[in-house]
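**Q** Using the sequences and the accompanying hints, generate a full structural model.
Residue numbers (the numbering used here), protein chains in the order written: chain L, 1 to 334; chain C, 335 to 668; chain W, 669 to 1037; chain U, 1038 to 1406.
Since the hints were derived computationally from the structure, they do not count as laboratory data. Where a beta carbon is used, it is the ideal one built from N, C-alpha and C, also for glycine. Please note that a few of the clues may not be correct.
As the list claims (entries may be wrong) - Covered by chain U, according to a simulated footprint, are these stretches of chain W (three or more residues, beta-carbon under 8 Å):
id : stretch
1  : 671 to 680
2  : 685 to 696
3  : 845 to 855
4  : 871 to 878
5  : 884 to 898
As the list claims (entries may be wrong) - Every beta carbon over 12 Å from chain C, so not counted as near; a handful from chain U, in silico:
id : residue
6  : Pro-1057
7  : Arg-1086
8  : Val-1319
9  : Glu-1328
10 : Arg-1357
11 : Glu-1403
What the hints assert, rightly or not - Across the chosen pairs, the derived CB separations fall in these ranges:
id : chain 1 : residue 1 : chain 2 : residue 2 : range
12 : U       : Arg-1401  : L       : Gly-193   : 54 to 64 Å
13 : W       : Val-995   : L       : Asp-58    : 49 to 59 Å
14 : U       : Arg-1401  : W       : Ala-1019  : 52 to 62 Å
15 : W       : Ser-671   : U       : Gln-1285  : 24 to 34 Å
16 : C       : Glu-666   : L       : Lys-187   : 54 to 64 Å
17 : L       : Asp-251   : U       : Arg-1401  : 31 to 41 Å
18 : L       : Asp-251   : U       : Ser-1400  : 29 to 39 Å
19 : W       : Asp-754   : U       : Ala-1240  : 26 to 36 Å
20 : C       : Glu-593   : L       : Arg-233   : 34 to 44 Å
21 : W       : Val-995   : C       : Arg-621   : 33 to 43 Å
22 : W       : Ala-702   : U       : Glu-1279  : 52 to 62 Å
23 : U       : Pro-1238  : W       : His-1022  : 51 to 61 Å
24 : U       : Gln-1285  : L       : Val-205   : 53 to 63 Å
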Amino acid sequence: MTSTAVEHETLSTAQAINRALRDAMAEDPTVLVLGEDVGPLGGVFRVTDGLTAEFGEDRCFDTPLAEAGIAGFATGLAMNGMRPVIEMQFDAFAYPAFEQVVSHIAKMRNRTRGRVELPLVIRIPYAGGIGGVEHHCDSSESYFAHTPGLHVVAPSNPSDAYSLLREAIASPDPVVFLEPKKLYWAKGEVALGRGREPGIGKAVVRRPGTDATLIAYGPAVPVALEAAEEAARGGRSLQVVDLRSIVPFDDGVVCAAVESTGRAVVIAEAVGFASVAAEIAARVSERCFHSLSAPVRRVTGFDIPYPPPKLEHFQLPSVDRILDAVDDLQWEDA
Amino acid sequence: MTSTAVEHETLSTAQAINRALRDAMAEDPTVLVLGEDVGPLGGVFRVTDGLTAEFGEDRCFDTPLAEAGIAGFATGLAMNGMRPVIEMQFDAFAYPAFEQVVSHIAKMRNRTRGRVELPLVIRIPYAGGIGGVEHHCDSSESYFAHTPGLHVVAPSNPSDAYSLLREAIASPDPVVFLEPKKLYWAKGEVALGRGREPGIGKAVVRRPGTDATLIAYGPAVPVALEAAEEAARGGRSLQVVDLRSIVPFDDGVVCAAVESTGRAVVIAEAVGFASVAAEIAARVSERCFHSLSAPVRRVTGFDIPYPPPKLEHFQLPSVDRILDAVDDLQWEDA
Amino acid sequence: MKSDVDRMLPSLEPVMLLDPDGRPTAAGKASLPAGEELLRGLAGMVAARRFNEQAYVLVRQGRLAVYPSSHGQEACQVAAAQVLADDDWLFPTYRDTAAVVARGVDPVEALGLLKGDWHSGYDPYERRVAPLTTPLATQLPHAVGVAHAARLRGESTVVMAICGDGATSEGDFHEALNFAAVFRAPVVFFIQNNQYAISVPLARQSIAPSLAHKGVGYGIPGEQVDGNDLAALLTVLSGAVERARAGQGPQLVEARTYRIQAHTNADDATRYRTDDEVTEWVAKDPLVRLETYLRAEGILDDARAAAFAEAAEEIARRTRDGLNRDVEPNPDDLFRFVYSRPTSQLVDQLAVVHDEMSRDALSREEDRR
Amino acid sequence: MKSDVDRMLPSLEPVMLLDPDGRPTAAGKASLPAGEELLRGLAGMVAARRFNEQAYVLVRQGRLAVYPSSHGQEACQVAAAQVLADDDWLFPTYRDTAAVVARGVDPVEALGLLKGDWHSGYDPYERRVAPLTTPLATQLPHAVGVAHAARLRGESTVVMAICGDGATSEGDFHEALNFAAVFRAPVVFFIQNNQYAISVPLARQSIAPSLAHKGVGYGIPGEQVDGNDLAALLTVLSGAVERARAGQGPQLVEARTYRIQAHTNADDATRYRTDDEVTEWVAKDPLVRLETYLRAEGILDDARAAAFAEAAEEIARRTRDGLNRDVEPNPDDLFRFVYSRPTSQLVDQLAVVHDEMSRDALSREEDRR
Ligand SMILES: Cc1ncc(C[n+]2csc(CCOP(=O)(O)OP(=O)(O)O)c2C)c(N)n1
Ligand SMILES: Cc1ncc(C[n+]2csc(CCOP(=O)(O)OP(=O)(O)O)c2C)c(N)n1
Ligand SMILES: [Mg+2]
Ligand SMILES: [Mg+2]
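**A** Printed below as a string of structure tokens:
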């Protein structure tokens, strides 16, 4: 995309997503928004606020309370000319739809040799840090990222939330769109319009640095940036890579970054075992083997169910925990 | 367990599992076997053959056709004094039960501060290599292994199938018991009785070797052993580790093995991305960093839906593919 | 066949024994629960209403993470608990803390989940109350399993499994009812139809003649009852419990009621319903209805009413005191209950937390010096 | 209300227009489909029976990976296809290849999944037939979505969604029916109740008066029909299709039929049912019944019957020839359709396969030298 005059607005992540839905619906009459409470209420996070009023009940509507039904119904809509955007009210409430997502949405294109495409977006308010009770704070990306046929995207700021969602809706492939709940209220400058670079599948270096590379996505990115800031005060220069898209995975940017510093910490809120963070650590360890001065460290959620509100701070990757991991990277001068 | 006189029998994996169920049911009247077609038919693989006849309809019985229902019903049985062993007819048909497995079975103990234990086994005929059509050959271990609260076990031979299942049934924790379908008909010597060592959570070195370590579990183990045999003919000595249990994971045996050779290949049938194999590669790369002479390689399923019967050989880790990976381990003398 | 089907279809109108003005209906005139039962129910409702108010104050004060109100549904929740014997089981949803308290669970423990210091505050075995369940309808198959296990042992346990109108749309509702029917499990499925699933009105959830009409599709008798009429609820639910206990299998009861407050403190109900609608239902208040009747009949006097209010106040006090006590959260708990024995990985991970904490403490100490 | 409920409840006995001996019942005497429709149906059933036989031979010869038989269910499968217009959609299960072929899909392509060279052999858009679906009941919500999308565009498409008796126990069945009801989606849910889910008899699956009684719980009319009576099936299904097309919403039709052969070639039906039971159902053969009637009425003569047999033979021949042709499996296909554009990871992984293949070819060449 060449640089043209681009409209900008300062929006929270929730507003940016709402705006992306509105703009996509206005542009393409086949875009439908559906799910539990997404109609008149505007969703429990108000992300779909005003869409029913603006586009009518046929375009943004409440469904019966059944996640497999929503995902399966959307599959049919997408098979027949629509571009449904469905909302799973909270991460763990997407699990009843697992069969539909994994065996149908992910596989329809492949099963039919590309004849049936499913341009469908599954929006999931995602991850923790908001003091939610059980089942309201799961990080479910690894389940989806492990399933071929799905794109899995996790923005870390309002601008990416807007542009990645615009692209997800326009994509012929099904996209699991993970919305970090704790960033819903974070504001930022958003470039409006479709086709903003970088697109889905591209990671970016959010902060340059020379001593070690922090690799993060979604809600972990702001924490990584904070850690880098803090480290800088202590004289250590940390680079921060924001994946943006888990699938497709950007090996190029990630490996180049790690090779440039020779040290890496992977940060993710999800349980660590058999996770996306494990994948990143394994890939980086394999591909950058000879550039690595220290083992790749992971700072992830522990291998426990997401804690209740009063204990969640123990589970979340924190600046201190990230800096501890950095300190661990076998610095010869330490 | 000290060595006492142990009864042995030569059984296929399917027979060994059947025998484990029978012995457990005979010993403990609270053990129940339930699922689709497990009653008079004896299951589509005949694993539950004869149990209804021997123990009656109350102990081994068919349920309505609903996997979430089966898992949820078994949860209730386990909450109320029973030890249910449920069968999911094929791997992909466990997905409708995902919510029950992930949000309830895995979390009940934790949610109730240990007050409600769920001694429950989820048997899943698992993985490919049998020419099955779509949805009949998935390798779903990564979904379960990523979920805290579940034990995940995958035997590679009849003897482990028997002893691990006996232990799984006796365990106070829920166990996902993955039965490699292609090994159902493989025969071997089985030591009967409960409490055989090594138990759940213990990996074993199946074959000693000095040049590199192959790490595998379930259906990949026989292939790894074959590869080691083949490599030996070419003069290379490969060690083979059989995990047996994915969760709990045996860091001790795995790391000691890799450190002893300095090279490792992880082998698994499942899709590689964000998988158990990724976890193993990441762990080994981190923990054995200074012992490694080459990056840890993975031989896994590609990141594609499981292929139709006529193409599945492209997806399955083969002896050749393993040996290619071994050849890649940067041998100085090459 | 025809008579079988008829037996399973609900009455055309919800069973009502006391009308909204507290006067016995024709059916009520024919038979009402004993005065003592009704008094017990009233006491429970008074306590529930007060408990609910207290919880609302606590959530505003930040002592609860979230609170789903039971205001307006007290008759349903109290009746569901009251009809059970000690050996029976109750399976509540997140909204049913009032039922849980009515069942005898300590009110502070009943609020454990919503307080945010643990997922389930009480020991489910102590009063035979399953943990509050949030994922909708998922507790229903558990209820069937618990009932079936009891039946296999020859016990006479009945299980009361509660869900909302919205939850009936979930697949787990369907699977649970069918399992119960096929295994003749002694379960009473009790739908509190409060007209909304968060913002979604019943008409967008189902166009069935009633939710109770779902029963016949499983071979289960269905019944509708006025959910603001404690007398009717006690009659219908205890009938269902006793038939289940007698081996006649599961039943489906739909209570028509209304959620007077917003879905939770975080919800804004003005976005999806009118004040008029709420006002209309406030007029059908289950407490007022029963109290009016009991006073008219001379069953309730001022002294007794004052005693109920005082007992309710005592529960509120206990709740308040308990929730205002801060418990230092202990991270060990996060690792202790995942498995019967922690894996080596969990041991290592807890050590990380301990290490962080001791370094933190050290640096706090250094700061102080 | 009462009349609404009555309208939704099925007749007590399945609708039958021709009795097992091919004689019109009272209802059949009142009205039967036109002779040409019945002849078309018979032709379809003769073809289906022959196709099924051929598939059985092919599976024994190893040309098919697996084959779920439709023997005995031809009337259901042919009628389901026959009542649809070109713009309608058919959503079949794994067992419904005969319906798929009756809808006009090439028989070789219809067997693609079962042959094992790809998951779906045909282009679903060509004849508006969804891919054969194996995970039970999961295609039903898809069918509702397809119907709703058409309705949003003002098209008059109707969707015929098939499932088995066993599949009605799945949560997706429930959710799909409810969605269809709430959105008034033009879907005919057609249950082929063949009495078994693999080995599990209907009585262990459901104790409802009939599966059609599930309709009322969603506000959907339910009907039962004799599944071996093509005339009744055409009448009931085309009525349902036309009502759906007219905007009256979804309907539920249960056909009582029987799976004469084992579940698939891999199954051993003697383990769970008696020969007597099978014999009893063989006597109700849908082909014989219709042929008897048509001959008795002089609608069918030998020439026409021979033409049907010849057309069926032609389908069998095409099926045989097509399946006996070996297609070299191409691994590129495995990577090409996962996404609209392969990820860089898939490009790398395919390169691995290509590299292996070229090295294999090389070493084979070396061996030859
Ligand atoms: C599986 C699942 N999906 C979504 C939610 C989010 N959610 C919580 S309460 C609720 C509405 C439930 O309505 P209803 O069943 O009528 O119960 P009520 O709240 O009215 O008591 C929703 C959608 C959930 N808890 N579980
Ligand atoms: C979700 C799911 N669970 C289990 C299976 C395995 N399975 C294949 S066919 C079958 C029985 C289906 O019975 P029914 O619905 O009556 O159809 P029929 O085979 O009789 O046509 C089962 C259990 C499956 N395909 N999908
Ligand atoms: Mg409700
Ligand atoms: Mg059947």
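**Q** None of the hints should be skipped; say for each whether it holds.
**A** How the hints compare with the structure:
Counting residues of the stretch 671 to 680 of chain W whose C-beta lies closer than 8 Å to any C-beta of chain U gives 5; at least three are required, and the coverage claim holds. With 0 residues bearing a CB less than 8 Å from a CB of chain U, the stretch 685 to 696 of chain W misses the requirement of three and the coverage assertion fails. With a cut-off of 8 Å between beta carbons, the stretch 845 to 855 of chain W has 3 residues touching chain U; three or more are needed, and the interface restraint holds. Beta-carbon proximity to chain U at under 8 Å applies to 6 residues in the stretch 871 to 878 of chain W; the threshold of 3 is reached and the given coverage holds.
Closer than 8 Å: that is the beta-carbon criterion, and the stretch 884 to 898 of chain W has 4 residues meeting it against chain U, so the requirement of 3 holds. Against chain C, the non-interface label of Pro-1057 of chain U holds: every CB pair exceeds 12 Å, the least being about 29 Å. Residue placement check: Arg-1086 of chain U keeps its beta carbon more than 12 Å from all beta carbons of chain C (closest about 24 Å). Distance to chain C confirms Val-1319 of chain U as a non-interface residue, since its nearest Cβ pair spans about 22 Å, more than 12 Å.
For Glu-1328 of chain U, the non-interface assignment is confirmed: its Cβ lies about 34 Å from the closest Cβ of chain C, beyond the 12 Å cut-off. Non-interface status of Arg-1357 of chain U relative to chain C is upheld: no Cβ of that chain comes within 12 Å, the nearest being about 18 Å off. Annotated as non-interface, Glu-1403 of chain U keeps its C-beta farther than 12 Å from every C-beta of chain C; the closest such distance is 15 Å. For the pair Arg-1401 of chain U and Gly-193 of chain L, the beta carbons lie near 55 Å from each other, so the given range of 54 to 64 Å is met.
With their beta carbons about 51 Å apart, Val-995 of chain W and Asp-58 of chain L fall inside the hinted range of 49 to 59 Å. The beta-carbon spacing between Arg-1401 of chain U and Ala-1019 of chain W, approximately 56 Å, falls within the hinted interval of 52 to 62 Å. Look at Ser-671 of chain W against Gln-1285 of chain U: about 30 Å separates their beta carbons, and that is inside 24 to 34 Å. The supplied range of 54 to 64 Å is met by Glu-666 of chain C and Lys-187 of chain L, whose beta-carbon atoms lie about 56 Å from each other.
In this structure the supplied range 31 to 41 Å holds for Asp-251 of chain L paired with Arg-1401 of chain U, their Cβ-Cβ distance being about 33 Å. Range check, Asp-251 of chain L to Ser-1400 of chain U: about 31 Å between beta-carbon atoms, so the 29 to 39 Å window is met. Checked against the given bound of 26 to 36 Å, the beta carbons of Asp-754 of chain W and Ala-1240 of chain U, roughly 35 Å apart, stay inside it. Checking the proposed 34 to 44 Å range against Glu-593 of chain C and Arg-233 of chain L shows it holds: the Cβ atoms sit about 38 Å from each other.
Our hint of 33 to 43 Å for Val-995 of chain W and Arg-621 of chain C holds, since their Cβ atoms are close to 37 Å apart. The given range of 52 to 62 Å is respected by Ala-702 of chain W and Glu-1279 of chain U, whose C-beta atoms sit roughly 57 Å from each other. At about 58 Å, the beta-carbon gap between Pro-1238 of chain U and His-1022 of chain W stays in the expected band of 51 to 61 Å. Checking the proposed 53 to 63 Å range against Gln-1285 of chain U and Val-205 of chain L shows it holds: the Cβ atoms sit about 59 Å from each other.
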